[in-house]
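Engineer: So the sequence lines, in the order shown, correspond to chains A and B.
The opening position of the first sequence corresponds to residue 1 in my numbering, with each subsequent residue numbered one higher.
The opening position of the second sequence corresponds to residue 113 in my numbering, with each subsequent residue numbered one higher.
Don't take each hint at face value.
Derived CB-CB ranges, DEER-like [as the list claims (entries may be wrong)]:
1) 224(B) x 54(A): 45 to 53 Å
2) 52(A) x 192(B): 28 to 36 Å
3) 42(A) x 184(B): 17 to 25 Å
4) 165(B) x 78(A): 42 to 50 Å
5) 119(B) x 85(A): 21 to 29 Å
6) 140(B) x 56(A): 27 to 35 Å
7) 41(A) x 165(B): 30 to 38 Å
Calculated from the model, a selection of chain A residues having no Cβ within reach of chain B, i.e. all distances over 12 Å [claimed, not checked]:
8) 12
9) 14
10) 19
11) 28
12) 42
13) 65
14) 69
15) 76
16) 83
17) 84
18) 97
19) 98
20) 104
21) 106
Hints in this document: simulated from the structure, not taken from any laboratory.
Predicted, not measured: the structure shown is a model, and the values here were computed from it.
Where a beta carbon is used, it is the ideal one built from N, C-alpha and C, also for glycine.
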Amino acid sequence: GDSVTQMEGPVTLSEEAFLTINCTYTATGYPSLFWYVQYPGEGLQLLLKATKADDKGSNKGFEATYRKETTSFHLEKGSVQVSDSAVYFCALKQGGSEKLVFGKGTKLTVNP
Amino acid sequence: DTAVSQTPKYLVTQMGNDKSIKCEQNLGHDTMYWYKQDSKKFLKIMFSYNNKELIINETVPNRFSPKSPDKAHLNLHINSLELGDSAVYFCASRPGGNTEAFFGQGTRLTVV
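Could you put the whole structure together from the sequences, leaning on the hints where they help?
Structural biologist: Here it is, written out as structure tokens:
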């Protein structure tokens, strides 16, 4: 079945450091790909998405590019802030299915 | 004007009790979900309804019963609660196609 694999956390960075959170997927066809963020005590919010190969999703300084050849959707940010501390989830949705499949989440802590 | 709202936000109850969690969305979406998030933040889909019809039913104990009285509501009833049911339960909705899901704030269930 479809699956999403994220890098194990937790990830701890200093403010203004570069962030990469790796995400790879296994799916047939061309799924849509998403990054969600969960701030402490809150629900999940969509951070960015990409619906076809080579699309780049971006929001709040975060970016991710849909790479079909490597089945990847890595999340990057050039300069993290303390307020970016949260759990980040990579997810996919296969066309024709209602199921949204999540990775296990990566906890990011940014220290001042 | 919360888009996806769940009640209650916190629920503490004893083993063996029966409890319900309610979810309402005012987005006009066709599809609604229940997800369970465990202590390690792993998100697992439980159920999905589309226009009041059950379309996804993962391997969830039959003590869990979803009910969708109309397209805007998806409630979760849990019988004979067990310690292992302690988790955060998220409701979500999606309009259809390859779009993202919108999540509620979660219900933290603690079974003692």
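Engineer: For a quick check of understanding: which of the numbered hints are violated here, in increasing order?
Structural biologist: As far as the earlier hints go, 2, 12, 18, 19, 20 and 21 are violated by this structure, in ascending order.
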